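Chemist: Residue strings, one per chain:
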Amino acid sequence: MNEPVVEFRNVFFSYGPWSVLEDVNVSIERGDMTSIVGPNGGGKTTLLKLVLGLLTPTQGSVKLFGGDPVLQRARAGYVPQHWNFDMQFPVRVIDVVLMGRLNGNRWLLPYRSADKAAAENALEEMRLSDLRKRSFSALSGGQRQRVLIARALAGDPEILLLDEPTANVDAVAEEELHELLHELNERMTIVMVTHDLRFVHKCVSRVICVNRHVAIHPTGEVTHETIASIYAGEMRLIRHDHVCAPGEQH
Amino acid sequence: MQLFHFSFMVGLLASVSCGIVGSYVVARRITYIAGGIAHCVLGGIGAARYMQVVHHWDRFDPLYGALIAGLLAAMIIGVVSLRAKEREDTAISAIWSVGMATGILFIWGTPGYSADLQSYLFGSILTVGRSDMMLTGLLGVIVVVCALAFYQQFVAVCFDEEFSRVRNVRTNFYYLVLLALTALTVVLLLRVVGIVLVIALLTLPSAIAGHFSRTLWQMMGLAILFCAILTASGVALSIRTDLPAGATIVVLSGAAYLVVTVGRGLARYWPRRKGVRA
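Read top to bottom, the protein sequences are chains F and E.
When the letters of the first sequence are read in order and numbered with the working numbering, they come out as residues 1 to 250.
When the letters of the second sequence are read in order and numbered with the working numbering, they come out as residues 1001 to 1278.
Watch out, some of these pointers could steer you wrong.
Residues from chain F that face chain E, not an exhaustive set, calculated with beta carbons under 10 Å [unchecked claim]:
(1) Lys49
(2) Gly77
(3) Pro80
(4) Pro90
(5) Leu98
(6) Pro110
(7) Ala152
Rather than coming from a laboratory, the hints here were simulated on the basis of the structure.
These numbers come from a predicted model, not from an experiment.
Just so you know, even glycine gets a beta-carbon here, dropped at the ideal spot from N, CA and C.
Working from the sequences, and respecting the hints, build out all of it.
Modeler: Listed below in structure tokens is the structure:
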């Protein structure tokens, strides 16, 4: 049972002529809390999408639970960027969470009672039970983020993949999110894309730095220099961007 | 009076599919695609009319031509938008105008007076008969059954396509089915308001309903209701005043949409003003 949950072997990925990832070798072990950092356009989200089989590598292989991501991804919970939604879409919190119970093998489905129970559990765990009948669009950024996590949890995942969970969320909600993720990490592997290096330093066991190439560091070893080296391109453009160094406040 | 009886029945039947599919179309923001499909349908109508007159394919009713052209347009637009998203709008515009141009060429080449062309462009709900009612009813049943049977999948695919794929829902398949249903609905609305005005009836009642709905099925229910009311009152008004029915229905819908949108805006504005003062 010691196989890695996620494994990249010599992975290259490009969008047409634009190379996004080059020769990536990464593995993530069960129970890890890993965070993916790097400049915009550096390939962080691409990395997540490769894990979920939403994209296929140009070269090399990506394995999820030792198998093809497309066949294994139902065991993963995906939490996409929460501000990319149509705010006019008529849907309630509970309806969104129930989507986590969708299953490609079931055709005609009203949701069953087991689905509803799982959705209610997930809502409760994310402290959202009171909001279940609310319109998704009426929520704050932090609440919306928790709804999307609840949706992923409703599918009973073994690994949770989050894309920028703390972006566009206020400080209180951010703190709360960190707590919740920490609790969840006790029973599942967590991988998240983030800009939030304070959080990385506090809670995360490993950092994957992506800027076309990938470097892996145990958190303790993330120094000003490692950050500077991956952000190099951007820092030349925006000189005061070195707030990313650990210990410093945003 | 028998005649008008059919008009109301066709209007009501069309409202059901219109409300359901229109809600999907508005929520998924593909009204422009619906517009492309609607206009392209003229190509099928023209071709069918040509075959009828020139080659004596008597049973090839223009509506069947419309059906084939509509489904074809839906599939082409669908595949382009799935394969090459960045070219989607170009493809829609091309389908839109080339479809219409093809229709015009066929009509030009068809001998005899093409009076019914107008009825396809602007609708002719006041002259529908039993066979129109049967066809509208049949298409309506297909649309309603599909749209409701796959409700959960459609909602999920419209709301968050990527997440649905992670849950292994066949998102491309459902997207194409949705476009096909849109094509069927367009064809069944042809007799009511005509090609040029179809998008209005497909989107306005749903857009009004969207103001009052927290879920997609509420939106559908209300959209059916609004669509039925607007169609029926449009028909009644045009019988009284001798105005063209299709255009009357659409102008009524537009007015209702305007009133509701402005009303909602004011309702949101005033309490805030009071709140500030208090």
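Chemist: Taking the hints in turn, state whether each one holds.
Modeler: To see whether the hints hold, each was checked on the structure:
1. Lys49: Cβ of F:Lys49 sits 8 Å from chain E, so the hint holds.
2. Gly77: holds (9 Å)
3. Pro80: F:Pro80 check passes; min Cβ-Cβ to chain E is 6 Å, inside 10 Å.
4. Pro90: Holds. Min distance 5 Å.
5. Leu98: With Cβ-Cβ at 8 Å, under 10 Å, it holds.
6. Pro110: holds (7 Å)
7. Ala152: Holds - the Cβ of F:Ala152 comes within 10 Å of chain E, reaching about 8 Å at its closest.
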